[in-house]
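Enquirer: Here the sequence shown is numbered in the working numbering, starting from 623 and rising by one per residue.
Don't read these hints as lab results, they were simulated from the structure. These numbers were taken from a predicted model, which means no experiment stands behind them. Everything hinted at is true.
Pairs of lysine-lysine residues, derived as DSSO-like cross-links and limited to a Cα-Cα distance of at most 27 Å, are as follows:
(1) Lys846 <-> Lys654
(2) Lys965 <-> Lys996
(3) Lys980 <-> Lys948
(4) Lys996 <-> Lys980
Quick list of the computed label-pair ranges, beta carbon to beta carbon:
(5) Val831 <-> Arg888: 53 to 63 Å
(6) Arg795 <-> Glu945: 26 to 36 Å
(7) Leu995 <-> Arg658: 49 to 59 Å
(8) Trp883 <-> Leu995: 47 to 57 Å
(9) Lys655 <-> Ile957: 39 to 49 Å
(10) Glu929 <-> Gly648: 49 to 59 Å
(11) Thr985 <-> Asp934: 17 to 27 Å
(12) Phe799 <-> Val759: 25 to 35 Å
(13) Pro819 <-> Gln911: 54 to 64 Å
(14) Ala898 <-> Val831: 46 to 56 Å
(15) Arg908 <-> Thr728: 31 to 41 Å
(16) Asn997 <-> Glu945: 16 to 26 Å
(17) Gly828 <-> Trp938: 44 to 54 Å
(18) Pro742 <-> Lys798: 35 to 45 Å
C-beta atoms are modelled at their ideal positions from N, C-alpha and C, and glycine is treated no differently.
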Amino acid sequence: MWLNIYTLVTVVSAIILTAFGFQLCGVDISRKKETRKLRTSRAILTASYFILAGATVAELLVNREGDPKIIATLTIATAAYQSLLFTATLFIFICPLYVTRRRVWTQVGIVTAAVALFMPVALATDIRWIFPAALAVYAGQLTYYTWLFRRKYAESLAQLEDYYDEEQDSRLRWTKFGFYAALAVGVAASVSMWLPPMAYNLFTVGYVVFYGWFSSRFSNYAAKVNYYLPALTEQPEIKPEPEQPSVPEVAATELSDAERWEKTERLRVTLEQWVADRGYAVQEDRREQIARELGTTPNFLRWYFREQMSQDFLSWRVGLRIEYAKELLSEELGISMNELAQKVGFNTRGNFYTYFRKVMGETPTEYLNRIKLKNRTES
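Using the sequences and the hints, build the whole thing.
Expert: Here it is as structure tokens:
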């Protein structure tokens, strides 16, 4: 009975994984220089789906009797490659400049060498320590990938937020979830060979569901790639030494008093007009673009807000957007929250809710309900 269920689950999972792989092949990615690494990530991800599908079929053909040793050997070897391929794919999503051909092939070489040493010994001998040793090496691989991902995620998030001057964690959070979900699948795979038969089958179903979710997320990312790539492929600025004056300070102090006063007044007037035109409600404008519209430079704009406004540009713009949102909520009681978020300049409803609650101490829905209650009471 166990073998029949195991066979059914294995065959179905292989078919589904193959279908997901072909689905990824059909994801439309424009053939531009900027998207070369994204196309590479699609090839890597597709390979991981086909490798896993092939491994499950090979396991079934070679292991007709359900030998635990064969299952354990193929599971560990496949998991090592899957961890590498998924990590490389996610790194291309969040830090494409970090992923180079040399780094990828170095990792492929290390994993291949380890698997080539492990499989013959595991299958041809009865050495007891080989599986604990392999699991220890695999745990080291996962630990290293986790450490590196956490560091690169933080760097990429800061880079994206600096580029767009807006909280971006909600946009990038799915990559973090995807990494830790893949990590959980990897950890489960390392112990799956010791699970009861039914638990092993459930594990197989679970990772197939995860692979389906990840393929859909890749498609969504590819559709929005023009939003991410400009920020994540920009070379980061080289920060000055701590004892040196900051770039914004230099931008202002290199000017004479008369020049600084003239530029400050011109920027003040331009900002007033920018606010009147609701320039703050335009989505996805980066600081450099806004500075050009205001007739100044990003460095002088930073200096102006720090010295003249005693706040940063992001906080100031968020405040304007929230005030505009309150105005719209009072005038258009039937407006949807998604439409409202777009109108006032937020990229996502999640960002809008986060900032509104931070500024007002309540959600937009709670604020709207309070306005409606007040109107009913007054009428």
